[in-house]
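Q: Below are the chains, spelled out letter by letter.
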Amino acid sequence: MSENKVPRQVDRRIIYLILLIGVAIPLIVPLGFHSEVTDLVKQVYDLVESTPAGSNVMISFDYDPSTVTELQPMSKVLIEHAWRKGQKVIAVALWPQGVQMAEQAFNELLVKYPDKKYGVDYVNLGYKTGGMVTIQAMGRNFREVFPQDFKGTPIEQIQMMKNVKSFKQIGYIASLSAGDPGLKEYIMAAHDMFGIKVTGGVTAVSTPGFLPYVNNLHQLYGLLGGLKGAAEYESLLQVKGTATSGMDAQSIAHVLIIVFIIMGNYRAYQIRQNTKRKSSAKA
Amino acid sequence: MKKTVPLGITFLVGLIVISSEFIPHKPFNYINEGLENWFLIISSFAIILGQLSLIKVNSGKVKEKVENWQYYLVGLISFGVMVLCGILWGTEDAKGLAGNGDKLIAFFGQKPFEYLFSNIYQHLSSTMFALLAFFIASAAYRAFIIRSFESNLLMLAAVVVMLGRTSIGTSLTAWLPQGWRWVHLPNIADFIMNYPNNAAQRAIMISAALGIVGSSLRILLGIERSYLGGGD
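Chains A and B are the protein sequences, given in the same order. Its first residue numbered 189, the first sequence is counted upward by one per residue in the numbering used here. Its first residue numbered 152, the second sequence is counted upward by one per residue in the numbering used here.
In isolation and in its complexed conformation, chain B is listed as follows (with noise of 0.2 Å):
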């Protein structure tokens, strides 16, 4: 019972939302609207339960003291703090429990959470993602070495598309005459892009689609049931 009824759910709402596809009119297309409601309203609920688990496992850790348990710790305040600050004076135009906060607008010039989200997460997050080009740097020194066919002919084509998309590669085949336009680095670099590029991406694509309906297939017809927790 508490497997045939989940299943039966499932297999009876993949069917609507299906036949919605192919027949739109009534009442499959009131049915399936309905279902995307409340899809929609369950989602939302997903927030809450991230914020929820987010708590849960970070102050573990913390009790716990595992390994590095101050950066959890961290994390637990600053997550907290930003609740507080767009609880206690809102964000924007809107008010929080405590007001507008007009004597906090004044002295950091904007709302705290604004002021928080500006000058602290924006710059940490983009930070984070900027580290990214040191590792690059290191492993193109270390790993991007040739040692087949395969390996030079990605090489190459790496190299031609790396240059062929900044200002430098523009300028370095700029001089060549209209006739030789083919041979600028950024039509050899579109030309990479578009033809062996899309042809490969196009292949992924196909494939990762004719695995998405088999596998929701499984679903549908319960062959496949991980999401319902457990073993079998």
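Excised from the complex, chain A in its bound form (with noise of 0.2 Å):
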């Protein structure tokens, strides 16, 4: 390259397609790259683990399909942890969609453990608008929100619902979250007016926002945040699932980012020195 050149701006579909190529082998390939296990990670598995066996838990799909990469693996792995542990899961949802997030769950899960049944080891409870207002209700009274499950079955007939009145009957509320309303709704409602202990996940780029909350009160149990902690989590089960052959995809990406970050970079340097040399040229 001669003095005066500067690097010509790559064309974005150049850009476009090693990333795909660099995401795709991957996934096609699998690298086998190892996740250390985090702090936050561990404070989720404890949480799960501390449980007694025979307890209620809440786990609230709080996410649509476009989140589901990040979402879905979280979900599977926190209730087939509760499951090998004994607990009992009611899923309910305060996003629309969440009500087919839980079935999927449940249904990939069921294949597994084909003797977890309906009604006596997990319920869907369905999909209720009103966010915060819905938590608030649900503390004080469960089946006033939820008088049926979400195939319209009376909560009465539902075995392990019948000792559920409020949140006083639930050991811990996971929230895998997308937005509001969510994880935040339930860290405000649940735990700080009804002493419920909360814990969840999040997508990744909503993950800083909720570091504050894991503190010294405890008003979050850790927080798997993105792919990243859901494979985490994973390895802390010995399973391997779609977040762990998906951390060798997002790491290349992330890799990818940084490269691009570097070029660009050294491309605004050139420009820079370029200028430069024009104007003491000109003086």
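Since the hints were derived computationally from the structure, they do not count as laboratory data. Glycine included, C-beta positions come from ideal geometry on N, C-alpha and C. Do not rely on the hints blindly, as some may be mistaken.
Here are the computed distance ranges between Cβ atoms for each label pair [stated by the list, open to error]:
| no. | chain 1 | residue 1 | chain 2 | residue 2 | range |
| --- | --- | --- | --- | --- | --- |
| 1 | B | M356 | A | T341 | 36 to 42 Å |
| 2 | A | L208 | B | A309 | 18 to 24 Å |
| 3 | A | V225 | B | N219 | 55 to 61 Å |
| 4 | A | E332 | B | L282 | 38 to 44 Å |
| 5 | B | E243 | A | G274 | 47 to 53 Å |
| 6 | A | V225 | B | M356 | 26 to 32 Å |
| 7 | B | N251 | A | N329 | 41 to 47 Å |
| 8 | B | L166 | A | V308 | 43 to 49 Å |
With the hints as a guide, bring both chains together as one complex.
A: Next up, the structure:
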């Protein structure tokens, strides 16, 4: 390259193609990178681990298919862990499509755990609008908010729900959240008002906003942040799920983005040097 | 009258809800519970309102043949097909008006609603979200340029956190001895997230909370009236 030449702007289609190849290859041929388990994920694991067998636990599916890649692996590992510990899972949704997300997670896990029975080991209560007010109402009287499950079966006829009157009979709440309403509302209403242990998982992009809640007051018991959080939980459970295989692709994508940043900065540096040279030549 | 009555209701309801937080006894707790139930019922109607609005806005655009009107038509048709599938053959175990749709289940392997949801809607939604990666990659090349000390700092933190949050980042510094754990990329990333990030996030949250208190008071006292509609 001659002194005055500046690297050409790379066509965005080439960037897209490189990224596509970079992400596709690890998905086809897994590279097997290892994820270190962070303290945030370990806290979530410890909460599930320390909750006694037979407890009713609640998982709130507060997301829709757009974030399924990040949040569905979390829901599956949380349900699987709860089932392994003999806990009964109550699924609710503050997002309309959360109901289907819950059903998909249960159906996929039932292949591995065929002995788990609907109404005995798990139940799907469906969607309720209202966000934070719904959570407050659930805390006071569960049956008023969910008089029946998503199939229309009255809650009194569901075996595992017979003793569930309010949040007092819930071991912990895990919210898998892609926005509002979601985990933040559970922290403010379920933990701060009713003192229930709250944990959960969020997309990688919203993780920094939830870290202040992981504090000495245990407003939030750990946090699963993005696909990496799910992959770490899978490694704790010794499960090879979609998060573990997806992490290879995500790692490559992150490295490529860093390479693009370096390339962009090198180009900007060359432009600056050229401008300086031109102005000094004029002077 | 048109404004005074709603303002009065807002003030009264707000006062009851706030009072019930400080006095969780009769009658405030009962009234508050009643108000919560009202809220849940009213917010359910918002779903119907949303659907009606979707039909009205989109059909208007199709009728007027605005630019790219075909997309609005596709949106309307998709909405109609999903609603029809749900009404006719139901979802999950629930039957629809035309029964369970056993022949369709035999053909698709699922009820039509579930088939469309899991095989079309879910993948389209995920694809839309995944497209962000391409925009970020392109933006990284074009926009994340070091221009000042602050942008330099931001860039450095971003690169460290990005690498620290990947499996490659873990492998890059995994060879370092235990005594040097503090320079492991995931640990540096955690430090950035737990201290500078948390400090900034808390400041933002406290400011936002104070802002919400302020704007709530303005609404309760009738200073902020834009929610009533109209200009003043």
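Q: Each hint should be assessed against the structure and marked as holding or not.
A: Okay, the hints, checked on the actual structure:
1. B:M356 to A:T341: 36 to 42 Å: Distance hint for M356 of chain B, T341 of chain A holds at roughly 41 Å.
2. A:L208 to B:A309: 18 to 24 Å: Holds - the Cβ-Cβ distance for L208 of chain A and A309 of chain B, about 23 Å, lies within 18 to 24 Å.
3. A:V225 to B:N219: 55 to 61 Å: violated (48 Å)
4. A:E332 to B:L282: 38 to 44 Å: Since E332 of chain A and L282 of chain B have Cβ atoms about 42 Å apart, the given range 38 to 44 Å holds.
5. B:E243 to A:G274: 47 to 53 Å: violated (26 Å)
6. A:V225 to B:M356: 26 to 32 Å: holds (28 Å)
7. B:N251 to A:N329: 41 to 47 Å: This hint is violated: roughly 34 Å between Cβ atoms.
8. B:L166 to A:V308: 43 to 49 Å: The hint (43 to 49 Å, Cβ to Cβ) holds, given that L166 of chain B and V308 of chain A are roughly 46 Å apart.
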